[in-house]
Amino acid sequence: MAPLLVLGLALCLSGTWAVDKGNFKTCEQSAFCKRQRALKPGESPYRALLETMELTNTRLTLQLINDNNKVRLLLELYRLQGNITRVKINELKPLKPRYEVPDVLIREPTTEPLSVLSQDENGVVLSLGVESQRVIISARPFRLDIMEGSDVLMSLNSRGLLAFEHLRMRKDTFSYKVTSTVASTTKEEEEKVEDGMWEETFKSHTDSKPNGPSAVSLDFSLPGVEHVYGIPEHADTLRLKTTDNGDPYRLYNLDVFQYELYNPMALYGSVPVMVAHSAQRTTGIFWLNAAETWVDISSNTAGKTVFGKMLDYVQGSSETPQTDVRWISESGIIDIFIMLGPTPKDVFSQYASLTGTQSFPPLASLGYHQCRWNYNDQEDVKSVDAGFDEHDIPYDFIWLDIEHTDGKRYFTWDPHKFATPKEMLQGLMDKKRKMVAIVDPHIKVDGNYKIHNEIRSRGFYVKNKDGGDYEGWCWPGSASYPDFTRADMRAWWASMFAYDQYEGTMENLYTWNDMNEPSVFNGPEVTMHKDATHGAWEHRDIHNLYGLYVQMATAEGLIQRSGGVERPFVLTRAFFAGSQRLGAVWTGDNAAEWGHLKISIPMCLSMGLVGISFCGADIGGFFKSPSTELLVRWYQAGAYQPFYRAHAHVDTPRREPWLFGPENTALIREAVRQRYTLLPYWYQLFYRAHVTGEPVMRPLWVEYPQDLATFALEDEYLIGKTNLLVHPVVEEGARGVTAYLPGKDEVWFDVHTFQKHNGAQNLYIPVTMSSIPVFQRGGSIIPRKLRVRRSSTCMEHDPYTLYVALNLQRTADGELYIDDGHTFNYEKKEFIYRKLTFANKVLSSVNLAPDAKFTTDSWIERIIVLGASKPSKVTLKTADGQEKQLEFDFDASMSVLTVRKPGMNAGADWTMTFQ
Amino acid sequence: MAAQVALRRQQAQEESEARDLRLLYPCTGIGGEAGIPQGSSISAGVPVSVSSSPAAACFDVFGSENQKDDKRFYRERKSFLCIDGSRMIPFEQVNDDYCDCEDGSDEPGTSACPRGRFYCTNLGFRPHYIPSSRVNDGICDCCDASDEYNSHARCQNTCWNLGQRERAYVEGQMRTLDEGLRLKQQLIEEGVLLWREKQAQLRELQQVAEDLQVKLEEHRRKKHEADRLKEQTLKALEAGDGGLIRHQNSSVASIFHLLDSNKDGSLTVDEIKAKVVLVHDEQRVLSEDEALALLDRGHRMDLSKFQSTLWDVLTRGDTVKIKDTQGAPGSLSSEDPHLKAADRAAEWEATNLKKVEEAYETVNMEIRYTYTLCPFNQVTQKSTAGVEVSLGMWGMWTGKPKNHYSQMVYENGEPCWQGGSRSTTVTLTCGTETALRSVKEPSKCQYIMDFQTPVACQPVLKQQGIHSEL
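Quick note, the sequences are listed as chains A and B, same order. Counting with the working numbering, you get residues 1 to 915 for the letters of the first sequence. Counting with the working numbering, you get residues 1001 to 1470 for the letters of the second sequence.
Looking at chain B on its own, in the form it has when it is part of the complex (with noise of 0.2 Å):
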């Protein structure tokens, strides 16, 4: 839309040097199609194309602006000035197909003058300017073909096509426009009332904080008060130490039932030999008198002994253990052939699994992308790996001062492996729909995104682009 009214305003500056441009090129309009004053008679390849009738020698400069009812200033005359008014020259070597003017004013039908213009009248459709070096270059400008009139290009006259193409066009636009601002309206409304509400919200919302602020200060003095006489608790449990003995006394006599095979309440010689083995050594049963050694060299040893003694060989854990605990079972199961081939089979598996992983990771690069847009907040990027980046954090508006409103920069997303961080720009376009129409990367790390929204709908296009002269 923007682009639009961009052209829209060209167009009437164009149609307004245009009608300068006429004081300059005087012409009576009567020659029935556009001549060019034929230059010196041995010229070659230029376009020659006589059409002033003996009775009016007269006719229209070719590649300009002609206007029939400029009947003053349309007067055979002896020589033309240069619009630059650097040079005189005569009349004859306007439109001869050699510049003569610093500024081309007198080859606006000819790619003679390098920084020449060509007018397109394009009947039908939009009348604009060209380059005078896209003249008789073999491709078609003009939509009425008027630029190629000595080339081998075949042009079509496409400027009726064109002018119901963008009248149509226009007429969408118009219809989107009124379409965008009737949902810009409902927005506006809506964002009222949804303004009211949140206010309403939050007054009552400030009102619950006071009363809890209340309660805080309550709950504050009672947990004051609750600490102090854990505090208190906690003294008096040092004092004691009570409640650590009670637990270490459940492990100690679960050990000693472990080792007491015959549960009669204490261990024996052989009770030992079957239970605890050397740390180091733990295929080898002890020997009788290592046993002894163990039970303080008595033959029999009682729970309450049992803790004063042995129990503390066992908890240091660097001589004896108990059998059967924290062994390494690895050095058997290894040699057995069931397990090897489990794990060759394992191993394989996983090769099959990385293959399909790199598979799906190459399909994965082939994939697309999802982008989100988060107004005033982020813009990511997702692959359909699941792996998210982020493009840009909310920046700034970045429109031009005559629509600040219309582009908008998010900044400081992931950084790049060659330095640098991403950005987004984001430009916001008139819509009925709220969209990203499109994302590009131009450059590496670089996005711009084509944002549509009723919210960027102006009313100020609406009256520009009516426009009945099409």
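With the rest of the complex left out, here is chain A (with noise of 0.2 Å):
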């Protein structure tokens, strides 16, 4: 007996792709780093030449010298719109012109007056317009303060360790000798030719360097400062550490496989934004430079023991805290954005004012996510989806990796096992659900392949060293990557998502940007060579922004396609400063550990502090697999952080929330019902992140500016505005948690139990593996949707029910923010925002868009008061002065007030009075 069946299954190559951690560059291996790190403080050779000073209305403009070889330098400083100042500094004459970041900012950003207050020969004072904030610039050497009254608050090449390595001729090329010749007497001193000035070589990759050394340095002194933060993206603490015993922070794209927890190495993506934080103030530093990036962090605080600390105090050193930042880029310009608070909000929108926000999501695409690679088949597809089902677990998003294509041609469908895509996504449609698929910028060298043969026909492809269109070797096989620099090619690019040219797509299908780092399995530390070019620019000056562009691009297909109605949703692996505007971040490649769920928090919140809100990990961990109680805890913290996708290596076991037994199943759909039933606040936080750039899920410190205890908190965070603290499990076996509840006059409500705890105190929380630790801060408001259904789209017209958590003076406040959910509508005011406050007793819904216009049909079915009194009645007020008694419940014990089905409508106007 032998049947034979010969079925349509195609080979799934798995991808044999190994690199370990000397596939990367330490600061020693990265030439222009090792030489500008062996700068020593203290010897800046470079002299501001005060009689250069020119200043307009709201720009000036001063020449530096550098003594010691005599080229000059221009320095630009600005005062900006919302208390930034910006201090630009580039060769006054460059042999050829040096790359400024464009399409980074929003738009030139609006300045305002400049004035002097005094100059001398030393050195000139500026005003800065308010509170009495001034820019000392001193001449020799060069130095910049920035100052508030009496105090520095940051000090610019105190250490003197401002470095421009200017363009300069090769010596052996013939039109060097011709130049030099003639230039010799008006240079002083040669630069030292060094090793690796004019060519590099790294493991078998060697960097031609045609333009020879090029980078540029500057140190940030930041008196009073203690803890810093930011510079994604690392797998490191939220505070950023001391390098001064190991490598600077690396911001340098790459494709790290398997990358170590907490390790300063570079990953996947960057954003050059550092925010400084103490008691009394909240800075920022936005160091604009795309090119490869380390910063250097010391304090003279760190790792001093009480017997240092006293010796200081014998000896008469200061004892003023402080934290040195040193920036060493290799190519293009210092450009830097001093962002000065005070507050951490003010940081926040003054970065926004320069980079933008956060984009304001479709409200689907914050449910949960369930991908895998890969969804073998449409029939797989199904199965999945009917999985869900099967084990009543919503979900909005199934998505589809490098497999579903026809031989890793992007816009393609593999012609067996997804024969016919668009009966696939109307099957999901029918479910009010939805699909992404893989898009990555690698082309497939294929003369058959239509994508590729109109990138090579428009010349789009970034070129080699040679002006050859550039080839490399990534899933496809060999691949070419769209120079997406171009504008002329994103938006080539963009078309190709027009359903006419994307065949096989709907609306309901949307898009996952992977290995745009760019990954080049055969590349330089897995990425582009530097000496690629893109146009008149090396690969070099750009490395950080070719992921944001193909980002930028993609989006710009998915809302062209819809016409400009319809809100994208793109994910992205790679970002830089901006990609906030353009959809999703995910922390990459990472695996089934424990170490790797917990390094999700500080993660995502550095990339909060910097503007990308929509981040995730992937649930369960990519590579490896999860142990059941690992998945769990990971669904379950992954709840409450807002992208929420799990994902899965090729080679793990099947993982879908249901393959664990019924009692997991139970506890994972648990996870999820808590998630979708938040999902009107979820949403209303990303509009305000839209709005304002606020981060949605934040650090503690954010909040509570003066309590030095959350300074380093990374266990736990905040969503939205105080409003819930979520400290997830992330210990194997974990019986219980210590939370932090923070603020001396606050009470915070248990989720789960409603039990009341006052603030200010380490609070010891016994768990189970039913739920994580998750409280609601007392004196806000919090409307959720307790009907959780198959997809958040299902539950777009279901009433809501309001928390009010009372606080100590028994009053609370909220916000509701609806709108249609995946429309660019609202920006034509087309949404309902309300104001929710209770205090005296009465709780009331106003409008805070009385301009805006939407209707819904969803009503209040319930308000539960945390931390009530039993009142003896309850009556609501409708605009139309219409006055109802209302039934309600309340439970003495745990004092939890329940106002039964009051019903009124969502967007309308009422008060209810606790009599």
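These are calculated hints, taken from the structure and not from any lab test. Be careful, since some hints might not be right.
[As the list claims (entries may be wrong)] In silico lysine to any residue, SDA-like type, Cα no more than 25 Å apart, as pairs:
{"#": "1", "chain 1": "A", "residue 1": "K70", "chain 2": "A", "residue 2": "N122"}
{"#": "2", "chain 1": "A", "residue 1": "K431", "chain 2": "B", "residue 2": "R1126"}
{"#": "3", "chain 1": "A", "residue 1": "K870", "chain 2": "B", "residue 2": "D1289"}
{"#": "4", "chain 1": "A", "residue 1": "K873", "chain 2": "A", "residue 2": "T913"}
{"#": "5", "chain 1": "A", "residue 1": "K382", "chain 2": "B", "residue 2": "E1092"}
{"#": "6", "chain 1": "A", "residue 1": "K241", "chain 2": "A", "residue 2": "F257"}
{"#": "7", "chain 1": "B", "residue 1": "K1444", "chain 2": "B", "residue 2": "P1459"}
{"#": "8", "chain 1": "B", "residue 1": "K1440", "chain 2": "A", "residue 2": "F660"}
{"#": "9", "chain 1": "B", "residue 1": "K1382", "chain 2": "A", "residue 2": "E379"}
{"#": "10", "chain 1": "A", "residue 1": "K431", "chain 2": "B", "residue 2": "K1323"}
{"#": "11", "chain 1": "A", "residue 1": "K382", "chain 2": "B", "residue 2": "K1323"}
{"#": "12", "chain 1": "B", "residue 1": "K1444", "chain 2": "B", "residue 2": "T1398"}
{"#": "13", "chain 1": "A", "residue 1": "K431", "chain 2": "B", "residue 2": "L1295"}
{"#": "14", "chain 1": "B", "residue 1": "K1323", "chain 2": "B", "residue 2": "N1377"}
{"#": "15", "chain 1": "A", "residue 1": "K88", "chain 2": "A", "residue 2": "S138"}
{"#": "16", "chain 1": "A", "residue 1": "K829", "chain 2": "A", "residue 2": "N840"}
{"#": "17", "chain 1": "A", "residue 1": "K598", "chain 2": "A", "residue 2": "R654"}
{"#": "18", "chain 1": "B", "residue 1": "K1444", "chain 2": "A", "residue 2": "A760"}
{"#": "19", "chain 1": "A", "residue 1": "K841", "chain 2": "A", "residue 2": "K873"}
{"#": "20", "chain 1": "A", "residue 1": "K432", "chain 2": "B", "residue 2": "E1092"}
{"#": "21", "chain 1": "B", "residue 1": "K1440", "chain 2": "A", "residue 2": "P476"}
{"#": "22", "chain 1": "A", "residue 1": "K382", "chain 2": "B", "residue 2": "S1438"}
{"#": "23", "chain 1": "B", "residue 1": "K1400", "chain 2": "A", "residue 2": "S383"}
{"#": "24", "chain 1": "B", "residue 1": "K1400", "chain 2": "A", "residue 2": "A386"}
{"#": "25", "chain 1": "A", "residue 1": "K431", "chain 2": "B", "residue 2": "E1148"}
{"#": "26", "chain 1": "A", "residue 1": "K756", "chain 2": "A", "residue 2": "D707"}
{"#": "27", "chain 1": "B", "residue 1": "K1444", "chain 2": "A", "residue 2": "S627"}
With the hints as a guide, bring both chains together as one complex.
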């Protein structure tokens, strides 16, 4: 008996790529970093030439001279609207233009007047206009101090580490010899030629460096600061560490295989923004440079013992703590934005005024996402979809990784496995669900592939150093990389998402941009050669921007295909400053380990601080297979992180939520359901983030900036304006966690039990597998939808339950935001935005946007007042003046009052009196 | 088919549960259409469709199963006790789109309760429950459209069509089952016959084996005898060593004749110079003196002298050798332009071949696999390129206790690159043909096969499958 059956299963080639730590450079192995780091502080050769100073109303220019080589730099200083100071330093006369990062700032920043307060031969004092803020420019050596009153907020080049490698002729070339004989009289000292200036080899890759050395570097001193944050992406603590005894933090977008935790190595994305915080002030530094960048941090208090501090005292040295930061970039110019706060939220809005805010995602994208490398075929998709219904677990998006394509040719479908994609998408649409399919930027070199042929014939590919189309090795084998820095290329790319171009797609198909660092399997450090070219610029200059441009073009494509009506959803792995405007980011290829669950919190918090709110980690861990306990804990933690997607490597066993026995299915179902009940709140927070630039998921210190106990907390965080405090369980076999509840006069309510706890305490909370500790702050009102359905779209018209948590003053407030959930019509004021207030025993809903118009079917189903006392009656008064007594229920043991079915429309004005 | 059974069982269970529920929702069933008791006057978005006639202040409890003959429970009541007994609520609050009961029992017809269920009557098809969260969610779940009474969804009543299809399907299944059972019986009978035949064959073979055993002994004895004789012969040979000498003589003679150009039976200096060269300098002709030395200083050498002198020198091979033996022809031919061109052509063809091979490989990647199941032996996967991979060797039956022989596992197939080995789970389903119906690989190296065979047909299916109520 030998029955035969031939089936249409194409071979899924598993990628056998493996890299290790040795594949990535240390500072020592990166010639410019090594060169710059070797500079000693206190020996600045730079002098400000005060006589060259020119001040127009809003722009100050000044030349700096390097006394060693007489090369002159031009410094520009601007006061920008919103308490920001911009300092630009470039060569006065560069041999050829140096790269200045375009497309990151949302507009040319608005400048404000500057004025000279005083000036002598040693320096200049400028007024920054507000709050007695001044800039002092010292001439010899050049130094820049920003003062407020008598406090120094920040100093530039105070350690004398400003360095600007001017562009020069290569000495062994003919043209150099000609010009140098002419110019030699003017040059007093020739620069020493060091190894790695004109050519650099790492492993088997040689960087030809036709432009020679071009690095820039500057140091910043932050008096009074002991805590600095930001500069993602690193798998490290929220509070940045000093780097004296190791490598600097590196910003260079790289595809790192199985990344290590607690390490300053570069990862997939980079945002060159650092936030400095002390109990007195929050400031930020935005270093606008897209080349490979290293950031050194040192502190005069780090690692000091009590004895050391005593010694300082005896020796009379300054006790003021100070953090020193030094930025080093390989090319480009120095262009910095000093955001002077003074509050954390000021810094967020200052940064948002420069690079924009979080894009407002479609509501459904805040739901749960089911992903795997790979769902094998349409039948597989169908059965996973059915599994969610069978086990009554909601989800909004199912994802397809690279195997769905026809031989890794993006914008195509495997003709056997996904023969009728529209049928599949229609099936999902019938259940109000959606799909994401991957589109990576590496394009298979294949003469029969339309996308490749088009890009090649239009000359849109990145070029190698010899001028041919750059080719590297990636998923499809030999691949070329479109030059996304070109606006015409991006426009063409966007047009490829049109329904008639990208065949088999429908409006419920969205996009995932992976490998956009870009990842080049056989390239140096698994990325593109730095001497590849993008028009006039080297890849060296633009590297960290590439991923942002890919996502920009893709998001634009999704907008255009709907005629500008629908909001896009695009997930990216690589990112840069400004990526927050374009969609969601995830923390890349993590692993199914407890440490990776734990690090997901500081990683996403760090991104939130620099604008990127829509962040998440692969639930369960990408590599390896999670234990059931880890998987459940990850679902619980992920339910309270902005981007909620499970993902798994192709070589791991299946892990759909129902594969671990009914008990665990129930635990996962409950976690996902908690997420869905909170969707109105998440959505409203994203609206706020979109308007203000404030992070959705934020560290405690942002809301308790004077509470030193919160400054390094990274095992718990807040969602939104203090309202929810989440402490995920990230230890195996945990029986309890200790959560810090901030706020001396605050109370916190356990959202699962309604138990009330006082603030300003470390609270031990026993935990079971059933949930993780989450608290609602007394004084807040949170809207939920308790009718959890198959997908968020199914819940659109459902009624709200308002959770009113009273503080010690017996007041509370909150907001309610409603719109259609998926279009740009909110920009045309089609939304409902209401302020909910509880004070003097009256709960009311007031319109925050009277000029906005939107109607909803949703109504108020229930009001739950936490920390309430029992009223004798509850009366509802609606806008038409009608009054009605409401039924209620009071649980005296927990002081919980539940008002039954008030029934008013969610968009209406009303007051409710508790007598 | 197994699914069919499960479905039936579930249905039976639901029907019995529904009967229990009927006791809890007493009702007349007079109201023509399903009704929702009206809730508060200012409720928004709440389904409101009163159906009660003034004469009979009663209504069906929408979303629950109603039965007209339960008259003793049908009485307008003031209050409703949640099924879990947790709470008593006014009857107006049943189905008023607000969840009062922890167990969801007060809202069988709305989506208000997170743990509630909605009963699809589905006249003409199977009645069943759906979670309350699917009521008015804009998706048609009940074939009678009853779940979307207040949504934007436009649902058609498809129960009759579904019922038709279901009946046709069940009939088809019944036919399959009948046929399957008949085939199974046939297989069993064939099997019994085959077994008997094999038993008879076995007995015969056992007899033959016995006979052979006797013969084997005989041969053993003979072999022993032969071995002894052989040993004796060898001893005798060793003593004489004649054979070896004869053999060597023939080669000596042939070399001698080769060197003896004029065939006069003796070698001369000229003959040696013509045929013998230095190993390390083949081009040079030996000198008179050197040739003479090889002839052991004699001008002529006969065969016997040759054998004892020059033969030894030649066989050692370290100084002189016979011309043009083991030469290196390459040195000459490599400069030949024709050969070079041929080389290039060959190389070109090799490159072309490689390209074609690569292209073929690429095509192959897209090509299908052939899966083979040899029950109780192994499962294999063969690519069109002919590479065969084991997906597991017979392991065990793994069906559920009630139907132990419905699933089998093949384990320890070819190892996977990330560790572990390939395995295959085969599910047996009843069918008239014996065939593999599908193969899937949900996770890497873990295969699932659907194997259809009459052997899997169970009589019990037939009894449960007949259901006239549809």
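Are there hints from earlier that the structure breaks, and if so, what are their numbers?
-> 3, 5, 7, 10, 11, 13, 14, 16, 18, 20
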